[in-house]
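**Q** Sequence:
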Amino acid sequence: MTDRRDMRAPRLRTAAALSVTACLLAFPATQSVAEQRQTAPEGAERASSGNVYRITGTDGSTRTEIQRTGALVLSVRGDTAFVQANGAQAERLRSAGLPLERTGATTDRSSPARAAPGEFPAEDSGYHTYSEMLTELDEAASWHPDIVDRTTVGRSAEGREIPAVKISDNAGVDEDEPEVLFTCNQHAREHLTAEMCLHILKRYTDNYGSDRAISDAVDGREIWVVPMVNPDGVAHDISGSDYLGWRRNRQANPVDLNRNWGHQWGCCGGSSGDPNSSTYRGPEAFSAPETASLRDFVNSRVVDGTQQITAHIDFHTFSELVLWPYGYTTAENAPGMTREEYRRFADVGKAMAATNGYDPMQSSELYVTDGSVNDWMWAEHDILSFTFEMYPGSGGSEGFYPPDEVIQRETSRNDEAVSILLDESGR
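If you count by this note's numbering, then the sequence shown holds residues 138 to 564, one letter each, in order.
It is worth saying that the hints were derived from the structure and are not from the lab. Do not take every clue at face value.
Straight-line Cα separation of at most 20 Å, DMTMM-like style, residue types lysine to aspartate or glutamate; simulated pairs [said to hold, decoys possible]:
id	residue 1	residue 2
1	Lys339	Asp484
2	Lys487	Asp560
3	Lys339	Asp286
4	Lys303	Asp283
Computed spacing ranges between beta-carbons, pair by pair [unchecked claim]:
id	residue 1	residue 2	range
5	Asp441	Glu260	33 to 39 Å
6	Ala259	Asp519	45 to 51 Å
7	Ser262	Pro282	26 to 32 Å
8	Ser376	Lys339	36 to 42 Å
9	Ser424	Glu478	26 to 32 Å
Positions of the beta carbon are idealized from the N, C-alpha and C atoms, including for glycine.
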């Protein structure tokens with residue numbers, strides 16, 4: 138197997154980068170002064186979003202410290218980061234010596250004409266609303282009753298069903314086969330990810346019986362698909378006359394679901410304790426009903442002491458990356474991760490990235506995150522868990538709203554990677 142150091146040339150941190158990181162560390166983290174805040178005003182996430190800036194010459198440590206100021210790294214390509222920051226956050230970054238180039242306001246959207254609240258605009262009508270997604274799942278179960286079992290993993294903060302489907306021969310029977318889980322739309326504004334999950338559903342049902350590789354996968358695996366982990370946030374993001382740029386769920390104090398998982402929750406400065414922050418981790422792990430529901434579902438797949446789910450991808454946008462644990466530490470061999478296990482993650486991640494053109498890396502190489510789904514899946518259940526950051530490769534907030542013309546191209550772009558993970562799940 139190939140050591141990760143052979144995967145890409147080592148990056149030497151420059152004196153300038155070290156100096157910037159030291160300056161950022163000199164500022165107190167924003168969450169430390171806000172831990173006691175009990176309520177977040179409606180719209181705080183959007184109101185505080187400010188502008189988007191391009192920052193060059195960053196590395197993982199610099200980007201982690203940028204996040205800790207309360208600014209949000211939107212995308213990364215090479216050493217260039219696009220960062221969302223309000224006025225105070227931008228001033229802190231400038232004071233630390235970072236070269237900020239303003240590229241636009243976060244209220245700028247890719248689509249000039251809006252639709253009625255609750256609907257995508259006409260030029261983006263290829264995206265599925267929550268109700269349209271439910272219809273797709275119901276139709277798949279109706280048209281393919283032998284290989285599709287329609288179920289639910291729980292309820293959202295506002296009471297919406299969090300639906301799931303299982304794709305397998307004898308779908309209504311719990312067979313002794315490796316299980317693979319695909320989850321999408323933890324972050325509300327990342328609508329392309331729901332299309333990714335629906336594409337997986339369509340690919341493995343419509344082609345069953347006519348495509349040998351598809352048929353073998355369905356016959357030999359149990360494939361779980363959860364298209365909208367955060368249905369309330371999705372509905373809220375298209376509830377106005379414009380996209381709202383919403384990321385979190387819709388609790389009274391909205392939570393970033395991908396900072397609310399239980400492994401190393403809130404440990405390492407990779408999330409925020411400020412209820413106004415886009416990366417607010419919640420008052421405790423699994424305080425969000427969405428993460429608690431998905432946790433309970435994954436726990437329920439332990440049968441006779443053995444976790445049946447062996448592999449997982451959580452789809453996000455954007456930056457075109459394949460990421461693997463751990464996110465909470467930059468160490469490759471942290472507790473619960475041997476060198477051989479890390480190499481397996483790197484090898485599989487690199488193999489998948491070779492098919493879709495994404496950049497493969499340990500999650501913390503992007504920036505440190507704690508309370509993430511990948512870390513929990515691996516630490517708690519030894520599930521080979523990856524994050525895919527989908528199209529586009531870089532950009533500002535408009536990157537969350539690519540035109541619907543790219544849906545087929547960008548979802549099918551991951552077909553080979555999905556096939557690789559399904560193969561790997563049986564090893």
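**Q** Work down the list of hints and note, for each, if the structure agrees.
**A** Here is what the structure says about each hint:
1. Lys339 / Asp484: violated (28 Å)
2. Lys487 / Asp560: Cα-Cα ~15 Å, so holds.
3. Lys339 / Asp286: Status holds; Cα separation ~14 Å.
4. Lys303 / Asp283: holds (11 Å)
5. Asp441 / Glu260: 33 to 39 Å: violated (51 Å)
6. Ala259 / Asp519: 45 to 51 Å: For Asp519 against Ala259, whose Cβ atoms are near 46 Å apart, the range 45 to 51 Å holds.
7. Ser262 / Pro282: 26 to 32 Å: Given about 29 Å between the Cβ atoms, the range holds.
8. Ser376 / Lys339: 36 to 42 Å: violated (27 Å)
9. Ser424 / Glu478: 26 to 32 Å: holds (30 Å)
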